[in-house]
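Protein chains in written order, with the numbering used here: chain A, 24 to 343; chain B, 30 to 279.
Rather than coming from a laboratory, the hints here were simulated on the basis of the structure.
There could be a bad hint or two in this list.
Claimed, not checked - Label pairs and their computed distance ranges (CB to CB):
{"id": "1", "chain 1": "A", "residue 1": "120", "chain 2": "B", "residue 2": "139", "range": "28 to 38 Å"}
{"id": "2", "chain 1": "A", "residue 1": "129", "chain 2": "B", "residue 2": "96", "range": "36 to 46 Å"}
{"id": "3", "chain 1": "A", "residue 1": "27", "chain 2": "B", "residue 2": "32", "range": "42 to 52 Å"}
{"id": "4", "chain 1": "B", "residue 1": "274", "chain 2": "A", "residue 2": "216", "range": "23 to 33 Å"}
{"id": "5", "chain 1": "A", "residue 1": "57", "chain 2": "B", "residue 2": "138", "range": "42 to 52 Å"}
{"id": "6", "chain 1": "A", "residue 1": "178", "chain 2": "B", "residue 2": "263", "range": "35 to 45 Å"}
To be verified - Stretch-level coverage of chain B by chain A, calculated; a stretch enters the list once three of its residues show a Cβ under 8 Å from a Cβ in chain A:
{"id": "7", "stretch": "37-47"}
{"id": "8", "stretch": "76-87"}
Unchecked claim - Which residues of chain B face chain A? A few of them, derived with a C-beta cut under 8 Å, are:
{"id": "9", "residue": "65"}
{"id": "10", "residue": "107"}
{"id": "11", "residue": "118"}
{"id": "12", "residue": "130"}
{"id": "13", "residue": "131"}
{"id": "14", "residue": "155"}
{"id": "15", "residue": "158"}
{"id": "16", "residue": "161"}
Glycine is no exception: its CB is placed at the ideal position from the N, C-alpha and C atoms.
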Amino acid sequence: MTRQTAGVLWLTGLLALAAVSLFVGVIDMAPGDLFADPEALRLLALSRFPRTAAVLITGASLAVAGTIMQMLVRNRFVEPMTAGTGQGAALGILIAVIVTPAAPLMAKMALASATALASTLGFLAMVRRLPPTQPLLVPLVGLVYGGIIGAGVTFVAYQYDLLQYIDIWMTGEFSGVLKGRYELLWIAALVAVLTYFAADQFAIAGLGRTASVSLGLNYGQVVLIGLVAISIVTALTVVTVGMIPFVGLVVPNIVSRRFGDNLRATLPLTALMGGALTLASDILGRLLRYPFEIPVGTVFGVLGALVFLWLLYSGPRHAK
Amino acid sequence: MIRIENVSFAHGAAPVLHDISLDIPRGGITALVGANGAGKSTLLSLIARLAPLQGGRIVVDDLEVGACRSDELARKLAILPQTADAAPRLTVRELVGFGRYPYHKGRPGRDDHAKVEAAIAAFELGALADRPLDTLSGGQRQRAQVAMTYAQDTDYVLLDEPLNNLDIAGSRALMQLLQHLAREHGRTIVVVLHDLNYASAYADHLVTMRAGRIAEAGHPTEVVTADMLRDTFGTEAGVHHVNGAPVVLV
Chain A
24 MTRQTAGVLW LTGLLALAAV SLFVGVIDMA PGDLFADPEA LRLLALSRFP RTAAVLITGA
84 SLAVAGTIMQ MLVRNRFVEP MTAGTGQGAA LGILIAVIVT PAAPLMAKMA LASATALAST
144 LGFLAMVRRL PPTQPLLVPL VGLVYGGIIG AGVTFVAYQY DLLQYIDIWM TGEFSGVLKG
204 RYELLWIAAL VAVLTYFAAD QFAIAGLGRT ASVSLGLNYG QVVLIGLVAI SIVTALTVVT
264 VGMIPFVGLV VPNIVSRRFG DNLRATLPLT ALMGGALTLA SDILGRLLRY PFEIPVGTVF
324 GVLGALVFLW LLYSGPRHAK
Chain B
30 MIRIENVSFA HGAAPVLHDI SLDIPRGGIT ALVGANGAGK STLLSLIARL APLQGGRIVV
90 DDLEVGACRS DELARKLAIL PQTADAAPRL TVRELVGFGR YPYHKGRPGR DDHAKVEAAI
150 AAFELGALAD RPLDTLSGGQ RQRAQVAMTY AQDTDYVLLD EPLNNLDIAG SRALMQLLQH
210 LAREHGRTIV VVLHDLNYAS AYADHLVTMR AGRIAEAGHP TEVVTADMLR DTFGTEAGVH
270 HVNGAPVVLV
């Protein structure tokens, strides 16, 4: 399967899923109602469309952020939500809630992005000191590091009696998404789109510092731009819908194994696949225990792990 | 010509290079040899702007390293990275294509595509062009990287201990590729080598380093002697001559 056919297939799948998503929910609504019932239109505009858009943006931008992080760290087993970026964002928003509860949402967001970036820089500084012969140490260090920051967040939240907030940030799910409560995610979508202009730079950075310098790239600047993009996407996701692990890990690995690391060609595919798989998980989570919901992170974790295992053990890699 | 003037370098408090001045001539293969810790790789990374200059000047033709734009230098001088690094999931053509990045900055034109195809043809990679690098042998991968450097179209190519992970067939093949680059395409090769016999067999110009200073420089037949081995490498080894070229008995 070429990249083009895969792209068309995934886009078709994504559109089909989006259509399904618009008509799945506790309130019964059929496509025909849109023309007959003004309430149906209101439901669509207030809840169903925002939710579908939020899921697609989150899935796509997290998959892109995961790809960039894996290129910059030069390790395929890291992703922002498990390596400290997500936890750093939660720490930032917690500090904002405690210190300046009256600050506008954008200011809180900026603080969350800044702590996410600081936390990611800390991770990168640690990883650079690890022996390159032990690639599996990198994700392990990330898990421990993220765990420590996460524990700090919980501790501070406990002290200030804010544990219920923590739950919202630490477990991602989309049931609370309504018009007016998710629009910040469009910034994440914009950032993810903008990274495409630096696709070549990130791909070259993935070849290592020597190759980057040899090709005249300002390596430090590319790494910093990438980390800022990752931090903004992660912080916006954590604050708006909560932490959603695995998307940034599984999707980039699937795409890389099948279609390689030439990001200019593969990033759109990564975004499509991230959006489609996350939306499929969200729809499943809505249907499995209807009318109750299973958080999207749980569904994706199970599905993603299965897909990942199948991929690791299945035959031809990088069919082009 | 690469002109190195009064370059000193220290890792923290430990001095690595002491006031080095050296001219590396244009054309041919220049090999940097010396005992471990003599500062060869440090000197190479300074020329390649992989480490910042602390004192002194390095000028490549008319470009001063550190003062000129990095992308400008990238059209004059390339560094061949170690292949021991995890192979990226790129096809040979994609990798060679990145060699044109200093020219097109992400928008390859017809000329860039032509240069990539020429590099693939020049290094006989046609049959492998659409294969991903991680399915190639170490030797083939190195050939692809040399082709990328060729596509980068630089007058100078630097390599830091490229034979480290290669067997004798791979080592000879790479040195012959470098010789081909130098002789047929007029590129200047600067290479840090461990093995004196490879250095004297392939280099046109040999520079030895000892404890952060340049010890000897000249044609391998003049430089490789039993005295030099004792002084620079601290070992008593005999030197024979086979067809006029020095061979160190190990």
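Next on the checklist: Hint by hint, where does the structure go against what was stated? Just the numbers, ascending.
Outcome noted: Hints 1, 4, 6, 7, 9, 14 and 15 not satisfied by this model.
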